[in-house]
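As you go down the protein sequences, you meet chains A and B in turn.
Under the numbering used here, the residues of the first sequence are numbered 1 to 295, in order.
Under the numbering used here, the residues of the second sequence are numbered 1 to 256, in order.
Hints in this document: simulated from the structure, not taken from any laboratory.
Note that the coordinates shown come from a computational prediction; the quantities given were computed from them, not determined experimentally.
Careful: at least some of the hints might be erroneous.
Footprint (simulated), chain B over chain A, 3 or more residues, beta carbon under 8 angstroms [what the hints assert, rightly or not]:
#1 63 to 76
#2 99 to 110
#3 144 to 152
#4 182 to 189
#5 227 to 241
Over the 10 angstroms line for every Cβ pair with chain B, so calculated as not near, a few chain A residues [unchecked claim]:
#6 Gly51
#7 Ala54
#8 Glu95
#9 Arg157
#10 Arg159
#11 Arg252
Far from chain B, some chain A residues (derived; all Cβ distances over 10 angstroms) [claimed, not checked]:
#12 Arg24
#13 Leu32
#14 Gly34
#15 Glu46
#16 Met49
#17 Gly50
#18 Ala128
#19 Ser161
#20 Ala174
#21 Asp197
#22 Ala248
Note that the Cβ used here is the ideal one computed from N, Cα and C, for glycine as well.
These are the residues of each chain, in order.
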Amino acid sequence: MSSAPLPSGPGSGPIPARAGIGLRFAHHRAVLDGRPGAAWFEVHAENYMGGGEAIRILDSVRRDYPVSLHGIGLSLGSAEGINALHLLRVKALAERVQPGLISEHLSWSASGGTYLADLLPLPMTEEALDIVCRNIDIAQSALGQRILIENPSSYLRFRHSILPEWEFLAAVAARTGCGILCDVNNIFVSASNHGWDALAYLDALPAGAIGEFHLAGHTARELEDGRVLRIDDHGSAVAEPVWELYEAALARFGARPTLIEWDNRIPEFAVLMGEAARAQTLLDRAEGARHADAA
Amino acid sequence: MPTLREVQAAFARGIAFADEDEALGMIEADGIGAAGRLSVYRNTYRSTLVAALRQVYPAVERLVGAEFFEGAALPYVAGEPPGSAYLNEYGGGFAGFLAEFAPAAALPYLADVARLEWAASQAANAPDAPALDPVALARLDAAEQAEASLRPHPSVRLIALAYPAERIWRAVRERDDAALAALDPRPDPHWLLVQRRDDGLGMRTLARAEGDFTAQLFLGVRLGEALERFPGAEFPALLAEHLACGRFAAPEESSR
């Protein structure tokens, strides 16, 4: 196991502890033409693996803004190992973009050569922990840098799970040296779906490993028996209780790069800037409180 | 206790292949039934892949309507799941599927429109690569030129079509209902060369012999041999056009 800290991306500007925006194709034009005052952008690695226009646009964005690469397809939880071709594509993209951060998920998406197009939950077992850590070691060593691992939203748990998800995630960070991408909306969604205490989840995470926050919208789906299942669909504004949980996370961990994600029913770019401004206000307040404590 | 490999194989069957019994037995029911919980993932799987196909095949969708499109896409997805998370590579078999899809039999040109859209998507997403410099080829002496074997540029696709798919595609894209109504969708076998250029997609219709000749070049048949097989004056001119338009890839660094 590699426990020594890995260097961050060679030659890249770090991602500031400010509010950034998840860049989607629908906003390429608005960003290229308007050069908005966003602090940084995050993109899905899988959207820029080809040639042509998309990667040229990303090159152009990268010249003016810090960029974080967020992967959705490495399937770090796969028992059969990581798809080597996919890892090489991420590596080639990272070499070109020189991102300030690379992140992926505590989940799996592929089995037997079939890609299941979602971030599937893992059984919380010692065996799965070993496998995830091995795959993260491989990814970090191939990419030559530390990556951040994001807690997923989930809609089911396994009968044979023995560890709480927060302990599993903390153990992954301790064993691989990876950082944690704390998705506040995902904690809220999963806690609501499984009856967990979201604040206890935050308390269990190692503050030093937290490298980024994600904020996004979700939907509450009412089932026939009146029970509610929350679905992490990134199709609306950040919900009020998620903002409250974010404040609690800032109070525990301090300011970290914070991303606004919106992937479905995508609004005008200005709406995302508004969400980022709200996050920035909370980040500034957290910094202010920290300085007041120190004084 | 199932191993992780067993869990993942069971879930893949439950999500992609509608064989869910084993996966359901592994899920904590807890208020909401196991089937309801698993179906969240199956729905995401299906809707993500149908959306990926919509992205590649917008003209097909406009020709048949959203509902019909989904009715074709879902059985296609069930039969041909994706192999990787790089979904730009997903959906290449959809034209072949549509050609055999009985409800689409009244639209015999539909599969050709899909072939065109796949070629366009592949060209648009192809890796960047330097084009063969025509001057470098011109510097070779005649014997060396005859021996040269070329490769197509990654952003070029050559497809054989039975119907006037490009005219249909343009009319659909431009929402030109008059042009669409005036089209004569009778068989008209030809080739279409699709190329990503800096200003967008280029399309070049090739008559059958021109397409056959181009296909030979793209397969790496030596220039001398290809020109011998196609003796007309139009073929050296077509070769010159391909070279001038950057339709061949520069040799790999290592073989220079």
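State the violated hints by number, sorted upward, taking the hints as numbered earlier in the document.
3, 4, 6, 7, 9, 10, 15, 16, 17, 18, 19
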